[in-house]
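Mind docking chains B, C and D on chain A? Use the hints.
Protein chains in written order, with the working numbering: chain A, 6 to 285; chain B, 6 to 285; chain C, 6 to 285; chain D, 6 to 285.
None of these hints come from the bench; they were simulated from the model.
Just so you know, not all the hints are guaranteed correct.
Said to hold, decoys possible - 27 Å max Cα-Cα, derived DSS-like pairs, lysine-lysine:
#, chain 1, residue 1, chain 2, residue 2
1, D, K21, B, K21
2, A, K97, D, K147
3, D, K227, A, K267
4, B, K97, C, K21
5, D, K88, A, K97
6, D, K97, A, K88
7, C, K97, A, K21
8, D, K97, D, K147
Below, each chain spelled out in residue letters.
There are 4 protein chains.
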Amino acid sequence: MPENPQIILIECPDRKGLIHAVTDVLLRHGMNIIQNSEFVDHESGRFYMRTAVEDALDQNRVTGELQAVLPPGASVRFPGREKRRVVILATKEYHCLGDLLLRHAFGDLNAEILAVISNHSELEGLVRRFDIPFSFIPHEGKSRTEHEAAILAELARFDPEYVILAKYMRVLTAGFINRFPSRMINIHHSFLPAFTGANPYRQAYERGVKIIGATAHFVTEKLDEGPIIAQGILPVGHNHTVEDMVQAGRDVEKSVLARAVKLVLDERVFLCGQRTIIFE
Amino acid sequence: MPENPQIILIECPDRKGLIHAVTDVLLRHGMNIIQNSEFVDHESGRFYMRTAVEDALDQNRVTGELQAVLPPGASVRFPGREKRRVVILATKEYHCLGDLLLRHAFGDLNAEILAVISNHSELEGLVRRFDIPFSFIPHEGKSRTEHEAAILAELARFDPEYVILAKYMRVLTAGFINRFPSRMINIHHSFLPAFTGANPYRQAYERGVKIIGATAHFVTEKLDEGPIIAQGILPVGHNHTVEDMVQAGRDVEKSVLARAVKLVLDERVFLCGQRTIIFE
Amino acid sequence: MPENPQIILIECPDRKGLIHAVTDVLLRHGMNIIQNSEFVDHESGRFYMRTAVEDALDQNRVTGELQAVLPPGASVRFPGREKRRVVILATKEYHCLGDLLLRHAFGDLNAEILAVISNHSELEGLVRRFDIPFSFIPHEGKSRTEHEAAILAELARFDPEYVILAKYMRVLTAGFINRFPSRMINIHHSFLPAFTGANPYRQAYERGVKIIGATAHFVTEKLDEGPIIAQGILPVGHNHTVEDMVQAGRDVEKSVLARAVKLVLDERVFLCGQRTIIFE
Amino acid sequence: MPENPQIILIECPDRKGLIHAVTDVLLRHGMNIIQNSEFVDHESGRFYMRTAVEDALDQNRVTGELQAVLPPGASVRFPGREKRRVVILATKEYHCLGDLLLRHAFGDLNAEILAVISNHSELEGLVRRFDIPFSFIPHEGKSRTEHEAAILAELARFDPEYVILAKYMRVLTAGFINRFPSRMINIHHSFLPAFTGANPYRQAYERGVKIIGATAHFVTEKLDEGPIIAQGILPVGHNHTVEDMVQAGRDVEKSVLARAVKLVLDERVFLCGQRTIIFE
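One chain only, chain A, in its complex shape:
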């Protein structure tokens, strides 16, 4: 398969003949489809399509022609072929952030990490090792609104396409979240919807679970309820202390977040209400 194909993302109400209509436009432009995925959500009656074509194309003209044959309100997108612009928010824990920095340093992330912002200074040394700008924006002595305003100002400097919460441990307000609709990814330290709220590993320990998990999701106004992108698990037993569970949890958190980030950056994730459609 060609290394860096052009991706076309279409979402619209379902109706008969959509695939034919889309491929008709692409064929007339001489496009060769190298990968194609579609999904119809029969509950909502929505149609989703992700197509990879080999060659560059006149995006404006193709968009216009697609809009002409698709139902009103159709969304047609051509994600850029360059790397995604990303800023990471973190707090004190290194495992998710470090994993992303490593992948980034060796070109395995379809992203340029523009900066890391943290409300603590513990991770500054790690970030500087990778020659990434680190912004320390403490929350002490600030109201939540003031703190978020300071972060937003810093984000504005970098203008990222995506914001990754790599164990950023502050609750965000709706005002902040709505700046990045479907563009902010969080890793939650439990197998959602189990163990929402504080101390999920303590909860898991006391409940005596035999499996712990982690959930990567888009951030929405409702805490811990955003659309799920990826989940993973790890078996545990009675001989795991809470601290052992936390340690084990870190490994599953970092691999689940990395998987979710890759899926999103590779433009494989559609939103369908509270659910995600993932074209792997």
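Quick look at chains B, C and D alone, frame taken from chain A:
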């Protein structure tokens, strides 16, 4: 390892020298320990020990000698070496019940299934295929108390050591549950504590989870909160309908219940508050 | 999604415009595509497509029109909407056979099990419990060719579309295998390609593996090398004896075989050289 | 549980009364056992015991007293409570090395990484970011013996207790390997014993496997046959290219190696012929 060793189960407050004290008694009786597991729960300060010895022993004498060297209130048990006496409760779904009947028919379950009781008649044909008594005790036209009394009367006929709820879909009262403390095993169709209550697969579908699970647990008064014995999971995706999830769920339910039943019947499970200690 | 859609399976050399050409034909016949999957194997240059349409169609006319727009040598198939006709071969072990019989008895298998054939009589009782014809064809005193001829004669009586080897423990000759190209499914008691040959669990035990597996595959002339349909695993440890591994292996074998059988019977599996394409 | 207990490791031929004899010695020294694990390998008749005690003890005296009550040839070890001294060998791939460096930098590895040695220079930048000495010892222009002699000389400078092969891609001679018996850990890019030899992912792709794996093992003279410490897997499908499998493989490799390294450094792994006993 010998085929059918004698198991000794000890539980008591922890203190220095317990293993030495127990092995001292066993050695004086000429016992050869072929497998030994201990666990100290440092939060509750409880000591748990499961020992398998090769030969038969004088249980009364050994119990007395162990009690003499263990802290007051110690529990010492010698589970019988014969198969456990079991009754299964079911409703309409065949998958968990059928799996247990199959294993039983070929001697792979350390149990004698004495009877199957159901509030519906759908599974009678299946049970009769395996020459097991089937008791149809409908709940229609009965109060909850009357229905449970009828089931208890039927259970009394068989006097089981364990009751297995193989997708028995009626909520049980505390009065019923307390007749079988730590002796009733249920399979719950979700990855507890997620999706308690009704329609867990509908909930899981709407939440867009990427993994579904099942949980086998001891039944306690608090619904869906009994100590967890085993859990399992299965990956799902956006292309799974609710019905697909239900179907997939059945496979994980039946394997999780079978695992839990085996652990319990092989006397490998201790209760430690709301948690289980499992010596595999 | 409609309960029982018409499936269309297409396989041909890849070239530009195939999806458009196929959907063009379907649209002209007024078909509504409810699910669609395609895959291009870029190594072999082969195109694979599985389409589900809502309504019945004139298969001869549609096939002709599709052949007219597809490259020469294209394969176009319309699997019947009725249940698949299946015969199961087994030997002595009950777990895979029993699991399939249970699913079949409750309508969860897209198949009619016409008969079970075995070279031993141990499973006759089980099969008769489910009112399925059981053919005992012992191999003792027969040459391999004579034994296979007897089985083939029995199979001819039932004329199955698929043959499932549910722990059938005799090696089959090329002559036998070639009667059922891509229509015979086997469950192999290891994580192929590890531990081919005899006593895989003994091998796994001695090798000290931490995970055991099972592999369901189409049967081809090369023993243990047919295209893989599904694989599964189970963790094991140093405290598992060989016999424990065999017991654990049974659970993974039966779930892997059930998954593979479901995928094949639902017409979701294409062959691509030694690999399978699976449209889930 | 106390943070940093004293570990005692015992291995000897099995005989009646061993646990009693060991705990007798420990009790006489006033030791409080906080965790205890034993295993008897009934095939070889060997006894393995790992005990954690709360307090420091007179190792020479306790060893002498234990040897006096254990069978001849018993091994009694008291691993140091300080961090293990480790050197890592790598080649060009960053994922396993980077993961270990990250954990080390944040104190999550029970080890001091003394140096990284590589036959290529690609990873020098990464290692220097973490302020760890990097030794570039190219193999070009050297015989295998000369190259190994150069590495051994470098290793001698650091005198490590353990050597970790983090994707070190050169085959080592028996002479080299025997310098580090049970002290050299390798990560193999397949689910051993499947796909030994070169290009395992190419092999896996062509074989059409549905699961890929990784294996961490002690290095012994027989290539790819050392005792297995940990294994992990990841599901793959027909839509994974060889390169996709390599990428996916990296994630399972790094997590499996990290798990094995943790188990070994925490003194939880015994060797039992070609198998490992792991007290988790």
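Problem set entry | Holds or violated: K88 (chain D) to K97 (chain A), with C-alpha atoms at most 27 Å apart | holds (24 Å)
Exercise. Going straight from one Cα to the other, do K97 (chain D) and K147 (chain D) come out at no more than 27 Å?
Worked result: holds (19 Å)
Exercise. Given the proposed pairing of K227 (chain D) with K267 (chain A), does the C-alpha separation stay at or below 27 Å?
Worked result: violated (38 Å)
Problem set entry | Restraint status (C-alpha distance of K97 (chain A) to K147 (chain D) at most 27 Å) | Violated, because 46 Å separates the two Cα atoms, which is more than 27 Å.
For this session: Verify the proposed pairing of K21 (chain D) with K21 (chain B), using a straight-line Cα cut of 27 Å.
Result: Satisfied, since the Cα-Cα distance of roughly 22 Å is no more than 27 Å.
Exercise. Given the hinted pair K97 (chain B) and K21 (chain C), is their alpha-carbon gap at most 27 Å?
Worked result: Roughly 52 Å separates the two Cα atoms, so the pair is violated.
Exercise. Between K97 (chain C) and K21 (chain A), does the CA-CA distance stay at or below 27 Å?
Worked result: violated (52 Å)
For this session: Compare the distance between the alpha carbons of K97 (chain D) and K88 (chain A) with 27 Å, and conclude whether the hinted pair is satisfied.
Result: holds (24 Å)
Hints 2, 3, 4 and 7 from the earlier list are contradicted by this structure; the remaining hints agree with it.
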